[in-house]
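2 protein chains.
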Amino acid sequence: MDSMGIMARKPTAADQALRLDNQICFAVYSTAHAFNRVYKPLLDRLGLTYPQYLVMLALWERDDVAVKDLGERLFLDSGTLTPLLKRLEAAELIRRTRSTEDERVVLIALTPQGHVLREKARAVPQSILAASDCTVGELMAMKDEIVALRDRLNAVLGE
Amino acid sequence: MDSMGIMARKPTAADQALRLDNQICFAVYSTAHAFNRVYKPLLDRLGLTYPQYLVMLALWERDDVAVKDLGERLFLDSGTLTPLLKRLEAAELIRRTRSTEDERVVLIALTPQGHVLREKARAVPQSILAASDCTVGELMAMKDEIVALRDRLNAVLGE
DNA sequence: ATATTTTATATTGTGCGCAATATATTTGCG
DNA sequence: CGCAAATATATTGCGCACAATATAAAATAT
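Just so you know, the protein sequences line up as chains A and F, in that order. Going letter by letter, the first sequence gives residues 1 to 159 in this note's numbering. Going letter by letter, the second sequence gives residues 1001 to 1159 in this note's numbering.
A couple of the hints might just be wrong.
Only pairs whose alpha carbons sit at most 25 angstroms apart, straight line, appear in this in silico DSS-like list of lysine-lysine [as the list claims (entries may be wrong)]:
#1 F:LYS1143 x A:LYS143
#2 F:LYS1086 x F:LYS1068
#3 F:LYS1086 x F:LYS1040
#4 A:LYS86 x A:LYS120
#5 A:LYS40 x A:LYS143
#6 F:LYS1068 x A:LYS40
#7 A:LYS68 x A:LYS86
#8 F:LYS1040 x A:LYS68
#9 F:LYS1040 x F:LYS1120
Computed footprint of chain A on chain F, listed as stretches where at least three residues anywhere in the stretch have a Cβ under 8 angstroms from a Cβ of chain A [as the list claims (entries may be wrong)]:
#10 1016-1030
#11 1037-1043
#12 1054-1062
#13 1067-1076
#14 1115-1123
#15 1138-1146
No lab work stands behind these hints: they were computed from the structure. Just so you know, even glycine gets a beta-carbon here, dropped at the ideal spot from N, CA and C.
Use the sequences and the hints to build the structure in full.
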């Protein structure tokens, strides 16, 4: 074998598969970071990090929900959410209260400031759309493909 | 306004744009995490984290390169790479040496073990392909679309 | 040649993201 | 009922990611 890459060897399919540029995972990984960087200045104005923004998006659709519920919607666990939610509570955007029906559950509710922030967030998607330099239709088609891939990957994990 | 969501109001385009399920960024973000979780057991066997795997992929293609060069290929800065590379050095997969031509530059070279690890990594892409439950063609087409989006996002940042 | 600017890497601090573990509550089984 | 298993959240530790800053070397300007 030519594991040192010194001797000449015909590139195999396995070689091609290891090329960085052929990795869809790297495409996804690096695009996620690119999104993060584009969002940064927009979210700074809202006082949110990107994961915090996702939590707020989820809560603007439906709040008074358990941490577990949020975790399922965002694919995050309590190890990530608990400290993040504590920071949102410190920022007075949400309240965390133990459920009286089930003392294990912590319910997350928006504060008035949390609700109001939604208005300031309305301009964000438009800025992102402009930065992506795509039509809404193109982005939504791509989104559907990526989500389908994500769901297949998650299905494998569930086995 | 109905920022509290209490009064009835016709959903606007801005409302739709704020829905979590409509966010391509969330699709990308959650897919990146899904990939991470699928890779985890495969990379554990190699003793690598996912970002370390990406660095190794880059180095298997071309090593004896500056940290800067690696950073440009992976879209990462020295704040991320320096500690990561120190860990790969501690694992004896790479060597870090100051360039004699330009004392600012740290050159990254694979050790023999680093080269050898490539053979163990050959099985990884195949496992990922199986988990994605797609054809190579479908994945590559999707990859190209995502990369095009990433490059447009990065172009905006460069302005 | 010296001073200024630029470049390459390293360091520090904050916030994820997740595995592993801990704690408390609830559910279900006998 | 009493106890084991399951469930929900919290905690700890590690490794990114990145902004801000520091340091040192090289390039450039004057």
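Against the structure, the hints come out as follows:
1. F:LYS1143 x A:LYS143: holds, 13 angstroms
2. F:LYS1086 x F:LYS1068: Satisfied, since the Cα-Cα distance of roughly 15 angstroms is no more than 25 angstroms.
3. F:LYS1086 x F:LYS1040: holds, 21 angstroms
4. A:LYS86 x A:LYS120: Within the cut-off at roughly 22 angstroms; holds.
5. A:LYS40 x A:LYS143: Within the cut-off at roughly 21 angstroms; holds.
6. F:LYS1068 x A:LYS40: holds, 23 angstroms
7. A:LYS68 x A:LYS86: holds, 15 angstroms
8. F:LYS1040 x A:LYS68: Roughly 23 angstroms separates the two Cα atoms, so the pair holds.
9. F:LYS1040 x F:LYS1120: holds, 15 angstroms
10. 1016-1030: holds (count 13)
11. 1037-1043: That given contact holds, which follows from 3 residues of the region 1037-1043 of chain F lying within Cβ reach (below 8 angstroms) of chain A.
12. 1054-1062: holds (count 5)
13. 1067-1076: With 3 residues in contact (Cβ-Cβ under 8 angstroms with chain A), the coverage given for the region 1067-1076 of chain F holds.
14. 1115-1123: holds (count 6)
15. 1138-1146: holds (count 6)
Violated hints are absent here; each numbered hint is respected by the structure.
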